[in-house]
Each structure stands twice: as C-alpha cells, then as structure tokens.
Amino acid sequence: MVAPLPDMKPFVTTPSFMRRVDAATSWVASVYASPLWWRLAIAALAVAIGTSARVALASGLEGHFTFATLYPAVEIAAVLGGFYPGLFATFSGAFVSHLWFRPVETAAYPFGLSLFIASCTVLSIITEILHRTRLRLNESQEKREIAERLNIATRHLQIAISAGAIGTWLLDLGKNAAIVNDEFRSIFGLAPDVDVNPDVVFRTILPNDVSRPREALRAALEPSGNGLYHAEYRIRRVTDGAIRWVSSRGQTAFENGKPVRVVGVARDVTDEKVAARAHQERAQLAEQLESVAATTPGVVFSFYLGDDSHIAYRYVSPKAKAVFGVAAEDICADARVFYRRVHVADHDHLNAALVESAHSLSHWDVEFRFEHPEKGAIWLEAQAAPVCEQDGKLVWHGYVSDVTERKRSEIALAETAARLQAMIDGAQDAVITMDSDGRIQSVNRAALSMFGYDAGELAACNITALLSDVATRPETKEANDLRALEAGIGHRWEVEARRRNGKVFPAEFSLSEARYDHRRILIGFVKDLSEQRKVQQRVEKLNRGRLDAMAGMAGKLAHEINQPLAATATYLKVARRLLERPPQEAGTNIVELIDKATIQTLRAGKIVNSLRQLVARGEPDKTLVSVHELILNTYDSMLADGAKTDAQIRLERNASRDDVVADRAQLQQVLVILMRNAMEAMQETEKRELIVSTSNPDDRTIRVDVTDTGGGLAGNVEEDFFEPFATTKEKGMGVGLSISRSIIEAHYGRIWAKPNPRGGAVFSFTLPLQNAEEET
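Here the sequence shown stands for residues 14 to 789, numbered as in the working numbering.
Worth flagging that the hints you see were computed from the coordinates, not collected in a lab.
A couple of the hints might just be wrong.
Mimicking BS3-like on lysine-lysine, the simulated pairs with C-alpha atoms at most 27 Å apart in a straight line are [to be verified]:
hint	residue 1	residue 2
1	334	388
2	540	586
3	635	586
4	609	635
5	609	586
6	767	700
7	156	271
8	388	332
9	540	635
10	332	420
11	547	635
12	188	271
13	420	334
Model the full assembly from the supplied sequences, consistent with the hints where possible.
This is the structure we're talking about:
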C-alpha cells in the first residue's frame with residue numbers, strides 16, 4: 014500500500030502554483046504561436062544540445078543507447094514548436110547520430126533507428142494534437158466569455174434602448190436587407206409586415222435631406238475609412254405624414270477588406286431640435302434686446318399699473334439719461350420723477366390713451382411734450398403693447414424716442430406746403446392734380462376761373478370732363494384713356510377744353526408725375542390758347558396778304574421774264590436759219606443777232622435776281638419755332654387762302670421734340686411750296702392723299718416728310734428738282750423748290766425728294782433741334 018502524500022493537495026491548489034502553471038502554459042503557447050522559422054531554430058538548438066550531450070556521454074554509453082540524448086531534444090522541439098519542429102528535430106538528430114556516432118553494427122541498429130524515428134514522429138503528432146486541442150479549448154473559453162459578456166451588454170443595451178426610445182437596425186449588405194426593432198418601425202411609421210431596406214428608408218426622407226444619409230453611408234462603406242456612419246435628416250412619417258428629425262449612427266463591419274454589414278441605431282430628435290432651436294432663439298432674442306437697448310437712440314421700458322393705479326416701471330434702459338435727462342434707476346424707483354416733466358396740457362391725453370389701451374388691449378401710441386432739464390421743451394413719442402401675465406397683471410413693453418426734429422420738420426413741411434399752395438393759386442395757368450386713373454384731387458384758382466367751376470365741384474371728377482380731346486393727340490389713338498398719355502409725360506400738346514357752360518376753347522396741355530410712398534400723382538397744366546389763337550389769326554391774315562402780294566408780283570415777273578426769253582428764242586432761231594444758208598446769202602450779221610439774244614438773257618437773269626432778293630431777305634430772322642404748330646398753321650392758312658381740295662390730308666406729328674431756331678415766315682414758305690406742289694400733283698389722280706409727318710432720326714434733328722399720291726417723279730429728275738427753273742408743270746416757273754432749298758440750307762438743314770413706294774413722291778427736309786442749333 015502506497016503511503017499518501019498529505020501535502021500534495023495543498024500544494025497543487027495553492028494560487029501561486031496555479032499562477033506559475035498558467036504562466037508556463039502561456040509561455041509555451043506564445044512560442045507555438047511564433048513564426049515557423051523561429052520554432053525550427055529552437056528545434057535545431059535542441060538537437061545541438063542533445064548532440065553535445067551525446068558527445069559528452071560517449072565513453073559511458075560505448076555505442077549503446079545511441080539516440081538516448083536526442084529523445085529529450087525532440088520532445089522539447091515538439092512541445093515548443095509542434096509537429097513540424099518535432100519532425101525536423103527527429104530526422105536531423107537521426108542524421109547527425111548516424112554520421113558522427115558510428116554505432117556497433119549489429120542487427121538491432123536498424124530496429125533502434127526505426128523505433129527512434131517512429132516514436133519521435135508519434136510524439137510530435139501527439140504534441141501537435143495537444144497544442145491544437147488547447148487552442149480550441151482556449152477559443153471555446155474565450156467565445157463563452159465573449160458570449161456571456163455580449164449577452165450582458167445586450168440586456169443592458171435593450172434596457173437602454175427601451176428607455177431611450179432608440180431604434181436599432183442591422184443592414185446586411187449582401188442581401189440588401191435590414192433587421193430593425195419595433196421602435197425603428199415606430200419612428201419611421203413602417204408597418205410590421207414591411208420589409209425594410211435602404212430604399213424603403215430613403216423614400217421616407219425629404220428630398221432636400223436625402224443626399225446627407227446617402228453620402229454618409231457611402232463614406233462608411235469605404236474600406237479606407239473608419240466605417241463610422243452618422244447623419245441627421247428629416248423624414249415624412251409614413252403613418253401620419255408628420256415631419257420628424259431623425260439622427261442615425263452606425264458602424265460598418267469589414268471582412269477581407271470588404272464591407273459586409275452595418276449595425277446602427279436611430280433616434281427621433283425632433284423634440285431636441287425644437288428645444289435647441291427655441292433655446293437658441295431665446296438666447297439670440299435676449300442678446301438682440303440687450304444690443305438694441307444699448308445702441309438704440311431711444312429708451313426701452315417696461316411698466317405696469319400698481320394697486321393704487323399708479324404707473325410703476327420694471328425696466329428702463331440706460332439711454333434714459335441721454336433722452337430724458339433723468340437716470341433710469343430714478344425712474345424705476347419713482348415714476349413721478351418722469352411724469353412731473355410731462356407738459357401739463359398733455360396729461361389728460363396721455364392718461365386717456367393708457368386707459369383705452371388697458372380696456373381694449375390695444376397698442377399705446379402717444380406723442381407728448383416733455384421738459385428736458387438741459388434741452389428745454391422736446392417732443393417724445395411712446396409706443397407700447399400691453400401683455401396680460403398669469404396673475405392677471407397688465408404689463409406694457411415699449412419704446413420712447415425723441416421726435417423733436419421730426420416735429421420741426423413737419424411744421425416746416427406744413428409751411429412749405431402753404432407757400433407752394435399760394436404759388437400754385439397765383440399761377441396764370443390751370444394746375445390740376447389727379448390720381449393714376451385721372452380722378453381730380455385738387456385744382457388751383459386759375460383752373461376754377463378758366464373752367465367756370467366753384468371750389469369742391471371738381472372733386473372726384475375725371476380729367477376728361479374738362480379736356481374732351483385729352484387723348485386724341487397723334488401719339489394716342491384711344492380717346493378718353495388717360496393711361497395712353499403716360500408716354501407723353503413731360504411733353505406738351507394741344508387739346509380742346511370745355512368750360513362748365515359747354516363752350517369749347519383751344520388749350521395747351523402738359524402732364525408730369527410725382528411719386529412718393531409707393532403712390533403716384535399726375536399733375537396737369539392747362540394753358541388757355543384762345544387769345545394766342547386770335548393773335549395768330551391776325552398774323553396769319555397779314556402773312557396771307559403778303560403771300561398774295563408775292564403771288565401777284567410773281568405773276569407779273571413771270572410775264573416780264575417770258576418776254577426776254579421769247580425774244581432770245583426768236584433771235585437764236587433766226588441765227589440758226591442764217592447759219593444753215595450759204596455765207597453769200599446770209600445778208601445779216603449773225604454776231605449782232607447773238608448779241609441781242611445775250612442782252613435778252615441777261616435781262617431775264619436780272620428779273621430772276623430781283624425776285625430772289627424779294628423772297629430771300631438775307632440772313633433769316635430766327636426765333637424759337639414749334640414745327641408741329643407751324644405745320645398746323647400752314648395747313649389752316651392754305652385752306653383760308655382758298656387752296657381747297659378734295660384730297661385727304663393727314664398730319665402725323667410723331668416727333669417727341671419739335672422746337673427749332675428758325676425764321677417762321679421762311680419756314681412756313683417752304684411748307685406752303687411743298688404742300689401746294691403736292692396738291693397740284695394730285696389733281697389728275699383718283700387717289701388723293703397728302704400726309705405731312707414728323708420724326709426724330711436722332712436726338713439732334715427733326716425730319717419733315719410731305720408725301721403725296723400724285724404722278725410721281727420721272728426718271729432721275731428728282732436730282733434736278735431743286736435747280737433754278739427746273740419744273741415739270743406746264744406753267745411752272747421752277748423757282749419754288751430752288752427757294753425752298755436756299756431757305757433750308759440757310760437754316761443748316763437738308764432737303765431732298767424720292768419716289769413714294771405707293772405712288773407719288775416724298776419731299777423731305779431736316780432741321781437741327783434747338784439744343785443742336787445752340788451747339789452749332
């Protein structure tokens with residue numbers, strides 16, 4: 014019977030012994046986990062040690078137990094390195110023993126060698142199996158421990174997720190499917206039977222935000238990144254369509270450098286966003302109010318009505334000292350410090366406005382006078398809004414500013430308006446203000462006198478009630494449409510005005526506009542042309558008399574010119590016949606006949622020269638002339654002169670500017686010549702239409718076109734029309750167009766003629782406008 018070992022159990026179970034065993038086991042496992050080349054080196058070292066021991070014990074062994082020292086070397090190599098180092102030690106040891114130690118060649122040697130190799134190989138295999146078994150045991154133990162810790166963490170996480178209303182999700186990238194919990198479905202409003210995948214989730218995200226989670230997921234799946242996923246976005250919940258903020262976080266798992274799954278959580282952070290935004294807005298508002306109170310030129314205040322119905326101030330900004338001349342803390346301590354300085358005449362008004370604001374909860378908006386300690390009397394404007402607090406107390410929050418300068422400006426503006434009204438009332442022309450629809454707002458005294466109305470009778474009347482022809486100027490085709498006149502603002506034109514008794518009189522009308530405070534006011538100026546027309550008629554009558562005298566003189570001069578010209582023609586015909594005869598039969602001095610013809614021609618030239626001096630009186634007597642007015646006067650004078658025709662005459666005054674510096678009589682003479690020639694050219698045609706039109710080719714020139722539908726121009730005769738004595742009429746003198754060219758050129762203009770595409774001719778001339786004439 015073997016005696017027991019009483020101290021073995023305590024020894025084995027001591028913690029220090031177990032720690033040493035675990036340390037040795039861990040060291041052996043670490044060597045086994047080292048690279049193969051390192052373990053083979055350990056095997057070679059063990060073989061070398063065994064060989065050295067064999068050499069040292071060679072005399073004692075004497076050829077017996079050849080491999081006795083190599084067994085421990087193989088065991089060490091196998092235990093530390095596993096199968097391959099043990100096998101390496103086995104064969105290398107056998108090879109070295111066979112070469113260095115010649116054993117006694119007996120029949121037992123091959124058996125011993127085979128036994129050594131076989132036993133060492135089996136030993137290497139067994140140690141390899143032990144190593145792998147230990148690794149599996151360690152892995153199993155680690156997995157159990159990890160699983161236990163994971164279960165504990167999972168339970169903790171589930172408790173935290175349930176408490177924090179957190180949705181969890183696991184995205185399998187290979188299947189493009191996600192496993193989510195009930196909270197996740199609740200956040201996104203997804204039904205339990207809906208298969209969840211990225212596309213389903215992305216469809217709930219608002220279009221403006223969907224790019225953020227997509228980019229975040231794409232970055233998390235990059236192998237070169239850290240695999241973290243984080244995005245905040247807005248969704249439209251499927252169940253009720255509510256807009257909610259969601260924050261998602263996750264981590265990507267990689268295998269062999271490829272992403273395989275993403276695990277994450279999602280939270281509804283709408284309430285947090287709202288709270289954060291509200292907190293930020295309150296902070297910004299407080300900061301802004303502090304900044305406003307510190308920088309505003311006025312005073313920010315807050316007051317309430319106490320139990321004794323007296324005002325008590327909660328807050329007054331520091332600007333009170335600059336605006337009121339009273340410190341803010343003094344006003345807060347006793348409001349009477351402020352109200353003692355309010356003008357006595359404004360106390361009732363101030364209190365009445367406050368009572369009305371308290372009863373109706375309306376804004377308190379008052380202006381009152383205040384006695385400043387240094388500046389004296391100033392004007393203050395106070396604005397406040399009442400707020401009813403939870404305890405039922407009314408508190409006014411508002412602002413007070415110094416409006417003394419504004420009040421002074423208002424007084425000055427009122428004085429200016431009074432002076433302006435006096436000036437308007439003293440004007441000789443009618444001044445009418447109206448709105449954009451033409452409704453009369455005010456008129457001056459001259460307008461009342463001109464149209465025969467009393468004050469107040471024209472209120473709300475339309476301007477067309479006074480000016481019946483207000484919109485029939487050439488620029489506008491729609492009668493009684495004031496908006497059609499907007500293109501003519503700043504210009505003048507003639508209209509027919511109507512008095513209260515129905516009498517129509519000629520007038521000149523101009524329109525201007527004024528804009529302020531997004532409003533538009535039209536101002537019309539009406540000038541009575543009745544007296545001016547009477548004067549013009551008298552002048553035109555004198556001009557017609559002058560033209561009649563000129564016409565009579567022209568007839569006489571034509572008769573006188575015909576005589577020398579006829580004589581010249583006779584002398585030249587006789588000279589020609591004499592030249593055709595033989596010299597011996599001529600009988601008359603031909604040179605004498607030619608001299609006589611020359612004398613008669615010179616006589617005709619003198620007659621024409623005298624006519625030219627009569628018509629063209631040297632340098633023109635230039636004044637400021639309206640071409641449109643002159644055209645109209647010329648047409649009237651022609652009709653009054655008896656130059657009536659059944660032709661249709663149309664005047665088109667298209668030029669926006671028509672003032673020129675010219676000799677009125679000479680310029681009218683040109684118009685008479687061109688218009689009379691046009692009407693004479695249409696006497697034999699069926700279509701008789703005469704158009705006199707104006708235009709502005711540029712901002713320096715006005716052009717006048719006289720267009721007829723007569724016989725037109727023959728060939729290139731228009732190039733010679735303006736030469737003296739060039740005419741196409743049987744009884745024409747050929748001096749009218751020549752005179753016209755001389756007059757136009759004397760006014761720095763140009764005249765020409767061209768065929769009318771619709772039949773007839775167009776005679777045109779240009780003149781420099783007033784500003785261009787001054788520059789010239």
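Tested hints:
At roughly 12 Å between alpha-carbon atoms, residue 334 and residue 388 fall within 27 Å of each other, so this suggested pair holds. Of the pairs offered as hints, the one joining residue 540 and residue 586 is violated, with about 66 Å between alpha carbons and a cut-off of 27 Å exceeded. Straight-line distance between C-alpha atoms of residue 635 and residue 586 comes to about 48 Å, which puts the hinted pair past the 27 Å bound. A hinted pair counts as satisfied when its Cα atoms are at most 27 Å apart, and residue 609 with residue 635 does not qualify at roughly 44 Å.
Distance check on the hinted pair: residue 609 and residue 586 sit about 12 Å apart at the alpha-carbon level, within 27 Å; holds. Of the pairs offered as hints, the one joining residue 767 and residue 700 holds, with about 19 Å between alpha carbons and a cut-off of 27 Å not exceeded. Using a Cα cut-off of 27 Å, the hinted pair residue 156 and residue 271 holds, with the two alpha carbons roughly 24 Å apart. Taking the CA atoms of residue 388 and residue 332, the gap is near 15 Å; set against the 27 Å cutoff, the hint holds.
Taken as a hint, the residue 540 and residue 635 pair is honoured in the structure, with Cα atoms around 25 Å apart against an allowance of 27 Å. In summary, the hint linking residue 332 to residue 420 is supported, as the alpha carbons are separated by about 21 Å, within the 27 Å threshold. For the proposed pair residue 547 and residue 635, the alpha carbon gap of about 23 Å is at most 27 Å, so the pair holds. Restraint check: the Cα-Cα separation between residue 188 and residue 271 comes to about 14 Å, which is no more than 27 Å; the hinted pair holds.
This hinted pair checks out: residue 420 and residue 334 have alpha carbons roughly 22 Å apart, not beyond 27 Å.
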